[in-house]
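*Asks:* From just these sequences and the hints, can you work out the full model?
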Amino acid sequence: MTTTLIAINPVRQIAQAKNTKRKSDVIAVLNAIQQYVTDHEGNLPATIPSSPTPLSKTGVDICSAMTPVYIAGMPVDPELDGGIIAANDCGTMYETGYEIYKDPSGNQVTVVAPLAEFDEVISYTR
1260 MTTTLIAINP VRQIAQAKNT KRKSDVIAVL NAIQQYVTDH EGNLPATIPS
1310 SPTPLSKTGV DICSAMTPVY IAGMPVDPEL DGGIIAANDC GTMYETGYEI
1360 YKDPSGNQVT VVAPLAEFDE VISYTR
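Residue numbers (this note's numbering): 1260 to 1385.
Read the hints as simulated data drawn from the structure, not as lab findings.
Note that the structure is a prediction, hence the values are computed from the model and not measured.
Beta carbons are placed, not taken as given, at the ideal position from N, Cα and C, and that holds for glycine.
Careful, some of the hints might be misleading.
Pair by pair, the computed Cβ-Cβ distance ranges are [what the hints assert, rightly or not]: (1) GLY1350 / ILE1286: 22 to 28 Å; (2) PRO1363 / VAL1270: 15 to 21 Å; (3) ALA1274 / THR1297: 31 to 37 Å; (4) ALA1345 / THR1297: 21 to 27 Å; (5) VAL1380 / HIS1299: 16 to 22 Å; (6) GLN1275 / THR1297: 32 to 38 Å; (7) THR1312 / THR1351: 18 to 24 Å; (8) GLY1342 / GLN1275: 18 to 24 Å; (9) GLY1365 / GLN1275: 32 to 38 Å; (10) MET1352 / TYR1383: 24 to 30 Å; (11) ILE1286 / PHE1377: 18 to 24 Å; (12) TYR1383 / ARG1271: 21 to 27 Å.
Below, a list of computed lysine-lysine pairs in the BS3-like style, where the Cα atoms sit at most 25 Å apart [to be verified]: (13) LYS1361 / LYS1280; (14) LYS1277 / LYS1316; (15) LYS1316 / LYS1361.
*Replies:* See below:
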């Protein structure tokens, strides 16, 4: 009879799950922006800067422009609480834990998850 033991590192698994959520959140924000651009004759939301800036009420505030038409709510990094900022909460102070910026030509937007674990770089551009 052979017994196989598998060592499970719960801390690593939790961190990987958080990073998976971050990837999903970043892609969801980019998909919402892409839909917004399609509906607004190729124009990005005017508040997206050309350098990485927090996606928040005091940084880049696109919550009202995006929710609920293009995304159900602005996603929040799991390190902060992992929930969403619903459309009716866009007027209050909020912090998503994500960053956003556009390239100098204004043709591409990048969303970054700076709180990613294990030094993983989570950044998608579209």
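*Asks:* Determine for every hint whether it applies to the structure shown.
*Replies:* Hint by hint, here is what the structure shows:
The hinted range of 22 to 28 Å is satisfied by GLY1350 and ILE1286, whose Cβ atoms lie roughly 26 Å apart. Evaluation of the 15 to 21 Å hint for PRO1363 and VAL1270 yields a failure: the beta carbon distance comes to about 40 Å. For the pair ALA1274 and THR1297, the supplied restraint of 31 to 37 Å holds, since their beta-carbon distance comes to about 35 Å. Range check, ALA1345 to THR1297: about 23 Å between beta-carbon atoms, so the 21 to 27 Å window is met.
At about 30 Å, the beta-carbon gap between VAL1380 and HIS1299 misses the expected band of 16 to 22 Å. Remark: the range hint 32 to 38 Å for GLN1275 to THR1297 is upheld by a beta-carbon distance near 33 Å. About 19 Å separates the C-beta atoms of THR1312 and THR1351, a value consistent with the hinted range of 18 to 24 Å. Checking the proposed 18 to 24 Å range against GLY1342 and GLN1275 shows it holds: the Cβ atoms sit about 20 Å from each other.
As the Cβ distance of GLY1365 to GLN1275 is approximately 35 Å, the hint placing it in 32 to 38 Å holds. Taken as a hint, the range 24 to 30 Å holds for the pair MET1352 and TYR1383, whose Cβ atoms sit roughly 26 Å apart. Separated by about 19 Å at the C-beta atoms, ILE1286 and PHE1377 satisfy the suggested range of 18 to 24 Å. In this structure the hint that TYR1383 and ARG1271 lie 21 to 27 Å apart at CB holds, the actual value being about 23 Å.
Restraint check for LYS1361 and LYS1280: satisfied, since their Cα atoms lie roughly 23 Å apart, inside the 25 Å limit. Simply put, LYS1277 and LYS1316 have alpha-carbon atoms about 23 Å apart, close enough for the 25 Å limit, and the pair holds. Of the supplied pair hints, the one linking LYS1316 and LYS1361 holds, its CA atoms being roughly 18 Å apart against a limit of 25 Å.
The structure is inconsistent with the numbered hints 2, 5, although it conforms to all the rest.
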